[in-house]
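Given next are the chains, with one letter for each unit.
There are 2 protein chains.
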Amino acid sequence: MDKNIIEESLQGNSYSLGRLITFLEDLDKRAQIVKEVEPYTGKAHVLGITGPPGVGKSTLISRLVSHLRSLDLTVGLLCVDPTSPISGGALLGDRLRMEEHSLDPGVFIRSLAARDHLGGVSPTTREVIKLLDASGKDIIIVESVGAGQAQVDLKKIVDTVVLVSAPGLGDSIQMLKAGLMEIADIFVLNMADREEADRTKRELETAASRFAGKWKPPVVVTVATRNEGIAGLYQAVTGHWEYLKESGLFDQRRSERNLVHTMELVHEILKEEVEKRLEEKVKLQNVLKKLKAGKLDPYSAAGQIVEVILRDP
Amino acid sequence: MDKNIIEESLQGNSYSLGRLITFLEDLDKRAQIVKEVEPYTGKAHVLGITGPPGVGKSTLISRLVSHLRSLDLTVGLLCVDPTSPISGGALLGDRLRMEEHSLDPGVFIRSLAARDHLGGVSPTTREVIKLLDASGKDIIIVESVGAGQAQVDLKKIVDTVVLVSAPGLGDSIQMLKAGLMEIADIFVLNMADREEADRTKRELETAASRFAGKWKPPVVVTVATRNEGIAGLYQAVTGHWEYLKESGLFDQRRSERNLVHTMELVHEILKEEVEKRLEEKVKLQNVLKKLKAGKLDPYSAAGQIVEVILRDP
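Those protein sequences? They're chains W and S, same order as listed. Using my numbering, read the first sequence as starting at -14 and increasing by one per residue. Using my numbering, read the second sequence as starting at -14 and increasing by one per residue.
Just so you know, the hints here were simulated from the structure itself, not pulled from any lab data. Ideal Cβ placement from N, Cα and C applies to all residues, glycine included. Honestly, I wouldn't trust all of these hints.
To be verified - Pairwise CB distance ranges (calculated):
#1 Asp89/W to Glu253/S: 40 to 48 angstroms
#2 Leu56/W to Glu84/S: 57 to 65 angstroms
#3 Val267/S to Ala278/W: 37 to 45 angstroms
#4 Asn271/S to Asp13/W: 22 to 30 angstroms
#5 Met(-14)/S to Gly217/W: 26 to 34 angstroms
#6 Ser55/W to Leu12/S: 23 to 31 angstroms
#7 Pro38/S to Arg239/W: 31 to 39 angstroms
#8 Gln(-4)/W to Glu265/S: 56 to 64 angstroms
#9 Pro38/S to Leu295/W: 23 to 31 angstroms
#10 Glu21/S to Lys275/W: 17 to 25 angstroms
#11 Arg4/S to Glu257/W: 51 to 59 angstroms
#12 Leu58/S to Lys199/W: 33 to 41 angstroms
#13 Leu58/S to Gly279/W: 38 to 46 angstroms
Chain W with its partners taken away, still in its complex shape (with noise of 0.2 angstroms):
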């Protein structure tokens, strides 16, 4: 790996950044990689925008792209795109509508696979972020368009949650259900010109006031498709930004995070020298195979291999 990558994405130059995200997937490569652009970064507000399929997700992020880029904001763009486990297809469809913002130098549009991960979090989001920030990237929007997981592990990544619906969709309860609705910071109720609109904001304004604690989450009313209401966004966005600030959250948050990260390393970490010992060592291929014949049940022979592991370097 190239010295100049790294200097050259701290600048802001996409493509280096482009070839450095790369170089995320190998652990090792990753590890330099952050220890290097780390004392850089901090500087970015860092925005999940999720909510389920249909509900104008992609419209609403390329209009508010547009505002922040009219107010001389710098933005990355992530699309954490949930990956089949199975045959590795990613939903690319809606990245078209980001086509109008592909050529200005000052957003970075970039979607990540979250193959290889349960949760729906790609394991290197948190990294590209990173190097975004450091880059000198005023806003980062992650879009998460997942369902489930995927969406509450978003709030472990970012500062503030915006919370997407639409009127009538039916399946706000369903939301409510699925714990979503209290990792927002921020409601958006897009579509607002759709029958029932009233109705929803009025369900959103009750869910809202239940989670509220010292922060209360707004309902912001938008209409992306003729872009109305992307400057009230903005502003709700500052808001909370500014709360966390304030209320000395943000710090907090970053340092909790930094834990939280550290404690998903250390496993993978783990895991790669378990995969490496299992290969290597004689002793723990014996167990694999009385566990295959039978002859050890997965408790045990899971026992057997981390004394091995832990007493036996």
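Keeping the supplied structure of chain W fixed, place chain S upon it in accordance with the hints.
Just chain S now, kept in the frame of chain W:
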């Protein structure tokens, strides 16, 4: 833990089974229980039933259970609920539909929350299946009400996956994208008395043929509320069971599943070990202090923690 509980559970005593399941939360007790019941497992047919909300899964399952009972087969029914990671609330409403079976000693029903585990399959679901299998249940049905990854995880713990859908649900394409159809061994089109049933059936058949290998996933048509098609569903289920046995896939899959289970246990034990040592070892606490103070990045901290854990027992 009273030794009699295990014996009574093996004899199919529902009360003892219920108590034994509560002991599974503890990793040590779980290991002991599974070791004792393991020799009695391997006879039950484990069926996973999943699908989006609103397709009538609970009613369908209740009817299927009645059908199985009319054939004098005993049933274990597990409802795996994706639980909100924050409030801990579970989806219990649908459980009421199972009430008619709750007094039948030939049916054991249990709701399991997936609280502590990303991905939606509760860490003990696998073990509860083993207990029910060892207790002599002929068929074990695992209902997964989760979305996305939870449903995909189902494939890891059951023999046969039944994917339930309904006409004109609108999200059939969404299901395809999420990789859900790829895991189905049997498709059920429930609520087949609704409009557009024929069209949805054709769509399902086209999709099913895409994933057909040696096994051609059948599309079974049911109207659970009217008790129609249930015998046909059970015929498809036994057909798949016979296919697994004859093709040798049954043994191969159970062996693969035991290996996956073993590796998951290895990491679960290592996780407990890491937590224990973080509490005990001053050296590790100092690493965390430096991380919190911003003097170490997550990668360096994780590297140091692993180093201490592996080299310094």
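Status of the hints after comparison with the structure:
1. Range check, Asp89/W to Glu253/S: Cβ separation about 47 angstroms, and the 40 to 48 angstroms hint holds.
2. For the pair Leu56/W and Glu84/S, the beta carbons lie near 58 angstroms from each other, so the given range of 57 to 65 angstroms is met.
3. At about 44 angstroms, the beta-carbon gap between Val267/S and Ala278/W stays in the expected band of 37 to 45 angstroms.
4. For the pair Asn271/S and Asp13/W, the beta carbons lie near 25 angstroms from each other, so the given range of 22 to 30 angstroms is met.
5. Checked against the given bound of 26 to 34 angstroms, the beta carbons of Met(-14)/S and Gly217/W, roughly 59 angstroms apart, lie outside it.
6. Restraint check, Ser55/W to Leu12/S: a C-beta distance of roughly 55 angstroms breaks the suggested window 23 to 31 angstroms.
7. The hinted window of 31 to 39 angstroms between Pro38/S and Arg239/W holds, with their beta carbons roughly 36 angstroms apart.
8. Distance hint for Gln(-4)/W and Glu265/S: a CB-CB separation of about 45 angstroms, inconsistent with the stated range 56 to 64 angstroms.
9. Checking the proposed 23 to 31 angstroms range against Pro38/S and Leu295/W shows it is violated: the Cβ atoms sit about 44 angstroms from each other.
10. At roughly 18 angstroms, the beta-carbon separation of Glu21/S and Lys275/W lies within the given 17 to 25 angstroms, and the hint holds.
11. In this structure the hint that Arg4/S and Glu257/W lie 51 to 59 angstroms apart at CB is violated, the actual value being about 40 angstroms.
12. Hint check: Leu58/S to Lys199/W, Cβ distance near 56 angstroms, so the stated range 33 to 41 angstroms is violated.
13. A C-beta distance of roughly 26 angstroms is found between Leu58/S and Gly279/W, which places it outside the suggested range of 38 to 46 angstroms.
Comparing the model with each numbered hint stated earlier shows that hints 5, 6, 8, 9, 11, 12 and 13 do not hold.
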